[in-house]
Amino acid sequence: MKHMQRSLVVMAALLLLASTAFAAPKMTPKVDNFILFQDYSGSMAMDYKGGAKTKIALAKETLLAMNAKIPALPYKGSLYTFAPYGKFQELKPYDKASLDAAIGKIKTDYEIYGRQTPMGDGLMSLDPVIGASSGRIAVVLLTDGENNLGTDPVAEAKALYAKYGNRLCIHVVSYADTAHGKRIVDELRAISKCAVFVEGGALKDGAVMDQFVKDVFYDMGAAPAASDKEVIVFRSLNFGFDKFAITDEMIPSLEQALLLLKQRPEMEIVVEGHTDSIGTEVYNQGLSERRAKSVSDWLVKNGIDSQRIESAGYGKMKPKYDNSTAEGRALNRRVEIRSK
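Its first residue numbered 18, the sequence shown is counted upward by one per residue in our numbering.
Rather than coming from a laboratory, the hints here were simulated on the basis of the structure.
There could be a bad hint or two in this list.
What the hints assert, rightly or not - Listed next, the in silico BS3-like pairs over lysine-lysine satisfying Cα-Cα at most 30 Å (straight line): (1) Lys109 with Lys279; (2) Lys260 with Lys221; (3) Lys337 with Lys279; (4) Lys221 with Lys70; (5) Lys104 with Lys47; (6) Lys86 with Lys221; (7) Lys124 with Lys66; (8) Lys66 with Lys337; (9) Lys113 with Lys47; (10) Lys43 with Lys221; (11) Lys231 with Lys109; (12) Lys104 with Lys221; (13) Lys109 with Lys66; (14) Lys66 with Lys43; (15) Lys310 with Lys260; (16) Lys335 with Lys47; (17) Lys104 with Lys199; (18) Lys357 with Lys260; (19) Lys43 with Lys122; (20) Lys124 with Lys231; (21) Lys47 with Lys175; (22) Lys70 with Lys43; (23) Lys86 with Lys124; (24) Lys180 with Lys104.
Said to hold, decoys possible - Just the calculated beta-carbon pair ranges, DEER-fashion: (25) Lys66 with Gly148: 53 to 61 Å; (26) Asp222 with Lys180: 33 to 41 Å; (27) Val287 with Gly320: 16 to 24 Å; (28) Thr168 with Tyr127: 41 to 49 Å; (29) Gly103 with Asp259: 38 to 46 Å; (30) Lys318 with Pro145: 29 to 37 Å; (31) Ala329 with Glu216: 47 to 55 Å.
Note that the Cβ used here is the ideal one computed from N, Cα and C, for glycine as well.
Could you build all of it, start to finish, from the sequences and the hints given here?
Right, here's the structure in full:
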């Protein structure tokens with residue numbers, strides 16, 4: 018099963034590679050991980066704005082439609098609920114079919130009585146899930162904003178932002194239909210500028226859903242030239258300041274690259290190392306070469322013929338991100354793998 022999951026992630030990478038050959042715009046993930054976080058409270062089992070469907074039924078339809086639109090890129094996905102808190106799918110390499118099956122297990126006909134809403138407690142229950150991940154993580158919160166038990170959800174959301182900073186963004190799909198619920202939702206969405214907000218009913222419109230998924234999950238780059246080389250980009254393959262050793266956080270990305278290379282034995286590659294702008298050109302040149310060599314050595318150690326691999330360093334000559342910010346510098350401390 019684990020091998021199959023990794024294969025699906027690599028197939029997503031292959032789709033990215035294929036797009037280069039046709040000079041199509043390239044999708045790149047905005048996040049490394051995402052959590053679909055469904056409000057499972059009693060109030061969600063009530064009819065939405067006096068309509069024929071309950072809020073939980075509409076939310077389940079939204080989750081299925083959203084999953085159909087999420088592009089198969091190399092991130093990890095999961096599904097959790099609160100009120101009560103539950104794990105329907107742990108955080109693992111994104112697999113559309115697997116997540117569809119998890120969403121399908123959400124019940125829409127449960128008993129309302131006694132099912133209160135500790136939203137704040139639910140948010141804090143995500144802390145260990147977020148903490149165990151690496152890279153950026155998006156929480157897509159589907160809720161009507163009702164909260165009648167436990168800690169203040171707005172305070173708990175602020176605490177998560179304070180702990181994880183720019184790694185975290187909480188987006189809101191709202192089914193609020195009371196003044197109290199709307200107030201909570203508005204306060205949650207206002208905590209961070211990164212948050213994307215949408216009314217749940219609006220997501221029935223395919224164009225609105227497309228835009229929401231794009232805003233949350235991926236960027237669309239400019240179309241590369243038809244002569245461009247294939248580029249395998251894994252977002253987590255970044256190094257700490259002045260570091261070149263392989264870390265545990267890099268292993269999942271390296272394993273994806275390894276499987277791809279084993280599936281394409283004809284592919285010869287160049288492993289390119291890069292640095293941020295801090296330090297001299299001479300020092301950064303050497304550092305970028307050491308970074309490229311560490312990745313090349315790992316691939317060879319794990320079964321890739323060294324004759325297929327060329328290692329090169331570019332120092333600080335080819336930044337992709339803004340070196341005037343700490344985040345941009347961190348992203349520039351990277352290794353990329355290109356086909357020859």
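Results for each hint:
no., hint, in the structure
1, Lys109 with Lys279, "holds, 22 Å"
2, Lys260 with Lys221, "violated, 47 Å"
3, Lys337 with Lys279, "holds, 28 Å"
4, Lys221 with Lys70, "holds, 13 Å"
5, Lys104 with Lys47, "holds, 24 Å"
6, Lys86 with Lys221, "holds, 12 Å"
7, Lys124 with Lys66, "holds, 20 Å"
8, Lys66 with Lys337, "violated, 47 Å"
9, Lys113 with Lys47, "holds, 17 Å"
10, Lys43 with Lys221, "holds, 26 Å"
11, Lys231 with Lys109, "holds, 21 Å"
12, Lys104 with Lys221, "holds, 26 Å"
13, Lys109 with Lys66, "violated, 35 Å"
14, Lys66 with Lys43, "violated, 40 Å"
15, Lys310 with Lys260, "holds, 12 Å"
16, Lys335 with Lys47, "holds, 21 Å"
17, Lys104 with Lys199, "holds, 26 Å"
18, Lys357 with Lys260, "holds, 26 Å"
19, Lys43 with Lys122, "violated, 33 Å"
20, Lys124 with Lys231, "holds, 28 Å"
21, Lys47 with Lys175, "holds, 22 Å"
22, Lys70 with Lys43, "violated, 38 Å"
23, Lys86 with Lys124, "holds, 22 Å"
24, Lys180 with Lys104, "holds, 22 Å"
25, Lys66 with Gly148: 53 to 61 Å, "violated, 37 Å"
26, Asp222 with Lys180: 33 to 41 Å, "holds, 35 Å"
27, Val287 with Gly320: 16 to 24 Å, "holds, 19 Å"
28, Thr168 with Tyr127: 41 to 49 Å, "violated, 24 Å"
29, Gly103 with Asp259: 38 to 46 Å, "holds, 43 Å"
30, Lys318 with Pro145: 29 to 37 Å, "holds, 32 Å"
31, Ala329 with Glu216: 47 to 55 Å, "holds, 50 Å"
Checked against the numbered hints given earlier, this structure breaks hints 2, 8, 13, 14, 19, 22, 25 and 28; the rest are met.
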